[in-house]
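Novice: Read off the chains here:
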Amino acid sequence: MFYIHCPYCGEHREEEEFHPKGQAHIARPEDPAACSDEEWGDYLFFRDNPRGIHHELWVHAVGCRKFFNVTRNTVTYEILETYKMGEQPSITAEYSDGRPAQDAADQASLREGVRA
Amino acid sequence: MQRYSGFGLVKHALSHHENWQRQWRNPTPKKAYDVIIVGGGGHGLATAYYLAKEHGIKNVAVIEKGWLGGGNTARNTTIVRSNYLWDEAAALYEHSMKLWEGLSQDLNYNVMFSQRGVMNLGHTLQDMRDIQRRVNANRLNGIDSEVITPERIKELVPVIDTSKNARYPILGASWQSRAGVARHDAVAWGFARAADAHGVDILQQTEVTGFKIRDGRAYGVHTNLGDVEAKTIGCVAAGNSGVLAKMAGIKLPLESHPLQALVSEPLKPVLDTVVMSNHVHGYISQSDKGDLVIGAGIDGYNGYGQRGSYSTVEHTLQAIVEMFPIFSRVRMNRQWGGIVDTCPDACPILSKTKVKGLFFNCGWGTGGFKATPGSGHVFAASLAKGEMHPIAAPFSIDRFNTGALVDEHGAAGVAH
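Protein sequences appear in the order of chains A and B. When we follow the working numbering, the leftmost residue of the first sequence carries the number 1, and every step to the right adds one. When we follow the working numbering, the leftmost residue of the second sequence carries the number 117, and every step to the right adds one.
A couple of the hints might just be wrong.
To be verified - Cross-link-like lysine-lysine pairs, in silico, BS3-like; alpha carbons within 25 Å at most: (1) K472/B to K147/B; (2) K362/B to K21/A; (3) K405/B to K384/B; (4) K367/B to K21/A; (5) K384/B to K328/B; (6) K501/B to K468/B.
If you are wondering where the hints come from, they were derived from the structure by calculation, not from laboratory data.
Construct the entire structure; sequences and hints are all you get.
Specialist: Shown next as structure tokens:
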């Protein structure tokens, strides 16, 4: 059972108040009609499915009904942060130079680096 | 391979069952094979078996990072049926159903396939319209399927509550009498033993860590036990397919979710068929051992931890108790979760990729067990010929870009 902090309500609430809505930060193409089949298909269906840190969209369905973002580890299920729509995550699976974090220990040290 | 028979059982009894042959070897990997199958679940083993048996390709390795029967093959609720709506999916699952019907004899291994029938309940008018549409589609595809009334449901399953007082009254159901259940780990072991007998090397505790790709062509894999080469590689890795695809530089439209099931304490025989409900979301059967086998839905979030959330189980049990008030005091024994790779259209991916020689068979989501022999059969034919088998062709990964989806959410929604 997750205990999720809604960044709008400012409170921790039980998982059952929320619905997960898939990967976060997917921008709709500016001009859908101009997309190739490949671009449009990728936008609609292809998602990151990482083992480890994942940014996802949740909705506080029976609370404030607002959408927000969650950074969560898909192996340990630890919720690392929640943040409002339009904001960027402070914890990511990559180093600032784009190099991916290799394992859980790596990710943990990254996280500490961010928080410090 | 020593054949199993009633006579053999008597013969071995005389020697106190001490001389049974090992079911499969534990070989050391060769440097090269004709075909490598990545993933030793039911689908992977079935693929290897049919490659050897039907296509004469016996120089095959099945590479499994864990052990046989350690993944979803032995973690599911064992339901086998073929009443899918669309022609493409119906062809695939019915192909599988026909193989199930002769599988125990074919493998010389009792997979305990029991055609005890499966019913999908309808609780609303719209449910019933969808059921009628699906049954009609099934019949046009030559699949046995019928719409049954609450009275007939009550005859088949006396313990179900078909009264009008239920919160979600049962208005009818679709019924496939050829459908049923099978013994899941016997399926893994049976295919492994039969494949091994044809000379297939099953490499357990061997993890693929990367692909050897040159000029857009795959020619082998890196493993923790060294490199193994083959010109044709089939990846059948269920929940971990996305991780493998990433190693090959391919993106798959898959999301991995935890899916749970649970079994009760053993009871005397009370339920001799399989009952599923999309609307209240629960499905239940009784195993030969006597325990009730109950399947829940997937957790909505992505996850690789082999466990699910409590609220999902609670929700499923509410539905079960609503349909079967008699089970309200049954105690649950065990609960577990597996990782399923779900596709946006609830249909699998059987496909070539942009890397030549590298094929994927994945995305079976919540209902891959029923397709085990059929999936292996058509995937083996595709690997042998280098072109997708006609039954597999509609399940190309290209469909997510062309838009030719096979939307089976209605038929696959709860049915695992």
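Novice: Next, verify each hint and record whether it holds.
Specialist: How the hints compare with the structure:
1. Distance check on the hinted pair: K472/B and K147/B sit about 20 Å apart at the alpha-carbon level, within 25 Å; holds.
2. At most 25 Å may separate the alpha-carbon atoms for a hinted pair to count; K362/B and K21/A meet this at roughly 23 Å.
3. Under the criterion of a C-alpha separation no larger than 25 Å, the hint pairing K405/B with K384/B is consistent with the structure, at around 9 Å.
4. Proximity of K367/B to K21/A is assessed by CA-CA distance (about 20 Å); at most 25 Å being required, the pair is judged to hold.
5. Straight-line distance between C-alpha atoms of K384/B and K328/B comes to about 54 Å, which puts the hinted pair past the 25 Å bound.
6. As the CA atoms of K501/B and K468/B are separated by approximately 12 Å, the hinted pair is consistent with the 25 Å bound.
Of the numbered hints stated above, the single one contradicted by the structure is hint 5.
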